[in-house]
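Asker: What follows is the residue order along each chain.
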Amino acid sequence: MRTKAKINLMLSLLLLLAIAYLSLYWGVIWINPFSGGDETSRLILYKIRLPRILLAIFVGTGLSVSGVAFQAILRNPLADPYILGTSSGAALGGALALILGLGGFFYSLPALAFVCALLSLVLVYQMAQLDGKMPVQTLLLAGVIVNTFLSGLITLLVTLNHKELYEVIFWIMGSLGQTDMKLILFTGAITTLSCLAVYFFSDQLNIITLGEEKAQTLGVNVELTKRLLFIIVSVIIALLVSVCGMIGFVGLIIPHMARLLVGPDHKVLMPTAAILGAIFVLLCDGLARTAAAPLEIPIGVVTALFGAPFFLYLLRRKKSQIITEV
Amino acid sequence: MSLIEVADIYFAYENNPVLAGISFNVEPGNILGIIGPNGSGKSTLLRILAGLLKTREGQVKINQRPISSCSPRELARMIAVVPEETLVTFPFTVEQLVMMGRAPHRSFMSSLTLADREAVDLAMVETGVKGLKDHFINELSSGERQRVFIAQALAQQPRIMLLDEPTAHLDINYQTEIFDLLLHQQAKNGLTIIVVSHDLNLASLYCEKLLLLRAGRIFAHGAPAEVITPKILQDVYRNRVQVSVNQATNKPQISLIPKGAV
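One line per chain: the protein sequences are V and B, in this order. Taken in order, the first sequence gives residues 1 to 326; the numbers are from the working numbering. Taken in order, the second sequence gives residues 1 to 262; the numbers are from the working numbering.
With the rest of the complex left out, here is chain V:
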């Protein structure tokens, strides 16, 4: 990695820390983390805001890295785990686990989410293939349809089981309301390890963007790489969706923003996207908590409200710079 890229990364990491620190202050009540404060303030700081900020960072990182990996493997700048139905697969698995009464076990919910995420990913992938090729339109269409179908299925399942509507909202729109620190740290550890694992494939991802045959003739074991990465991304998505529900647009727009800033080389792109994603989710969550207080807006609504127009803007303004073709 070049020195300039390293300096940029350090700077954005500092920015992330600054925003995370500010997010501790920022809320319906402004609290100075260093003033000591009373019992209530400390409770809000350490039991509510800190877990939430950590979770926002892990979610932003995990979703962005997954988006980067998907866009490279599928050679499609519009691919991301949300649009392609991997997230809704995970959400369906999570909802199923709850309905079947498996939710009490610490690991069974994410495990079922993982199985369903991987299944829906494989389903979309198989559906999108026409004569050994995967046209951009077919992939997106297959993803959107599977996504819509699974989201409908989740709503149906939850409704039929006389669950509250907020549970549907949790799965479809996401929430960073989880405060169980043990669970959050577990999520953080697995997400970080998985993102590192994806990062180790940077060179292969660069080459795979030239097409699978070209990549094979450059010595990449394409099938193995693809399978491993699909599994790793499914782990990330399953875990994040189990804890936070489905949060869209992060995996789609953040890789593009990062690409605009540092170019398409995955060695630099991936860490940049990870940090940008964390910053984006932190800011969106700040708004989600405060904009309509005392009501909380679902985080997925905020990411969509900001993400979609921003993405359209990027597509119009910088089309030639982000992608060479669609």
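Where hints are given, some of them may not hold.
Listed next, the in silico DMTMM-like pairs over lysine to aspartate or glutamate satisfying Cα-Cα at most 25 Å (straight line) [what the hints assert, rightly or not]:
id : chain 1 : residue 1 : chain 2 : residue 2
1  : B       : Lys188    : B       : Glu177
2  : B       : Lys188    : B       : Glu165
3  : V       : Lys267    : B       : Glu95
4  : B       : Lys133    : B       : Asp116
5  : B       : Lys188    : B       : Glu144
6  : V       : Lys226    : B       : Glu74
7  : B       : Lys130    : B       : Glu95
8  : B       : Lys188    : B       : Glu57
9  : V       : Lys182    : V       : Glu39
10 : B       : Lys130    : B       : Glu144
11 : V       : Lys267    : B       : Glu165
12 : B       : Lys209    : V       : Glu296
13 : B       : Lys61     : V       : Glu213
14 : B       : Lys231    : B       : Glu177
15 : V       : Lys226    : B       : Glu85
16 : V       : Lys4      : B       : Asp134
17 : B       : Lys61     : V       : Glu223
18 : B       : Lys61     : V       : Glu212
19 : V       : Lys267    : B       : Glu177
20 : B       : Lys251    : B       : Asp164
21 : B       : Lys54     : V       : Glu223
22 : B       : Lys54     : V       : Glu39
23 : V       : Lys6      : B       : Asp116
Now the in silico label distances, taken between C-beta atoms and shown as ranges [to be verified]:
id : chain 1 : residue 1 : chain 2 : residue 2 : range
24 : V       : Leu224    : B       : Glu139    : 28 to 36 Å
25 : V       : Tyr107    : B       : His135    : 47 to 55 Å
26 : B       : Lys54     : V       : Val144    : 33 to 41 Å
27 : B       : Glu139    : V       : Thr148    : 16 to 24 Å
28 : V       : Gln137    : B       : Arg217    : 33 to 41 Å
29 : B       : Ser2      : V       : Gln126    : 38 to 46 Å
30 : B       : Arg217    : V       : Thr148    : 49 to 57 Å
31 : B       : Val125    : V       : Leu196    : 55 to 63 Å
Computed footprint of chain V on chain B; a stretch qualifies when at least three of its residues, placed anywhere within it, have a C-beta under 8 Å from a C-beta of chain V [what the hints assert, rightly or not]:
id : region
32 : 29–41
33 : 99–111
Please keep in mind that the hints were generated in silico from the structure rather than gathered at the bench. Here a beta-carbon is modelled for each residue, glycine too, at the ideal position from N, C-alpha and C.
Given the structure of chain V, go ahead and fit chain B onto it with the hints provided.
Answerer: Same frame as chain V, but now just chain B:
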């Protein structure tokens, strides 16, 4: 000792036989042109030689070793492949793309060695893209793009280079430029080159041997003067042609005769 030995290969997509009974050898440092009408199996044969397709019967050996027993990485150290067109989804720079040619020589997550940098530099100089190294690939003309991918292939430091219609979309000045560049590599490094082309005149000018396919079988194999004859071309292409000799190179060149002409 032949570098490439192709022994009686048979290949079919589903139940459609594409190639049958194909056998030939290529000597080190040779340039072989694979020619033939559309659908005769040229590109399929090239993809088999590249290890991208597995044959049902027969085998391809390189340096006595069956390619079916080689990993993609081992193959990529011996064989570089330049497709007709390489789609680049994201705007990499020329240098980044040529650097990818070093992948088969680098170990997992290693940083670039001096040898890597030198190979990339040399490949860019020899293909004349050094001056473009910081340009984005999507800003280049198709002739320049093709030279970038040849540079990427050279950075692999292969013994064999396979090219599929490398000049199909190019103007004639770019066509000769690409072939002159390949010829230079053959002379300088003893690179063995197999090129699929539908341009009979170009193939005749630059290749030492030609392999003419018809309907998945070898129809003729030999020096251009043996393959590019009115009789053979009329049999394969069902076209009346006139064959003359290029004064500068002594190679046969064809001109078409329209049906109406006497």
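Asker: Are the hints correct? Go through all of them and say.
Answerer: Comparing the hints with the structure gives:
no.: 1; hint: B:Lys188 x B:Glu177; verdict: 16 Å, holds
no.: 2; hint: B:Lys188 x B:Glu165; verdict: 23 Å, holds
no.: 3; hint: V:Lys267 x B:Glu95; verdict: 15 Å, holds
no.: 4; hint: B:Lys133 x B:Asp116; verdict: 15 Å, holds
no.: 5; hint: B:Lys188 x B:Glu144; verdict: 22 Å, holds
no.: 6; hint: V:Lys226 x B:Glu74; verdict: 19 Å, holds
no.: 7; hint: B:Lys130 x B:Glu95; verdict: 8 Å, holds
no.: 8; hint: B:Lys188 x B:Glu57; verdict: 36 Å, violated
no.: 9; hint: V:Lys182 x V:Glu39; verdict: 22 Å, holds
no.: 10; hint: B:Lys130 x B:Glu144; verdict: 11 Å, holds
no.: 11; hint: V:Lys267 x B:Glu165; verdict: 33 Å, violated
no.: 12; hint: B:Lys209 x V:Glu296; verdict: 75 Å, violated
no.: 13; hint: B:Lys61 x V:Glu213; verdict: 20 Å, holds
no.: 14; hint: B:Lys231 x B:Glu177; verdict: 31 Å, violated
no.: 15; hint: V:Lys226 x B:Glu85; verdict: 23 Å, holds
no.: 16; hint: V:Lys4 x B:Asp134; verdict: 16 Å, holds
no.: 17; hint: B:Lys61 x V:Glu223; verdict: 24 Å, holds
no.: 18; hint: B:Lys61 x V:Glu212; verdict: 23 Å, holds
no.: 19; hint: V:Lys267 x B:Glu177; verdict: 35 Å, violated
no.: 20; hint: B:Lys251 x B:Asp164; verdict: 22 Å, holds
no.: 21; hint: B:Lys54 x V:Glu223; verdict: 15 Å, holds
no.: 22; hint: B:Lys54 x V:Glu39; verdict: 71 Å, violated
no.: 23; hint: V:Lys6 x B:Asp116; verdict: 22 Å, holds
no.: 24; hint: V:Leu224 x B:Glu139: 28 to 36 Å; verdict: 34 Å, holds
no.: 25; hint: V:Tyr107 x B:His135: 47 to 55 Å; verdict: 51 Å, holds
no.: 26; hint: B:Lys54 x V:Val144: 33 to 41 Å; verdict: 35 Å, holds
no.: 27; hint: B:Glu139 x V:Thr148: 16 to 24 Å; verdict: 38 Å, violated
no.: 28; hint: V:Gln137 x B:Arg217: 33 to 41 Å; verdict: 38 Å, holds
no.: 29; hint: B:Ser2 x V:Gln126: 38 to 46 Å; verdict: 42 Å, holds
no.: 30; hint: B:Arg217 x V:Thr148: 49 to 57 Å; verdict: 51 Å, holds
no.: 31; hint: B:Val125 x V:Leu196: 55 to 63 Å; verdict: 37 Å, violated
no.: 32; hint: 29–41; verdict: violated (count 0)
no.: 33; hint: 99–111; verdict: holds (count 7)
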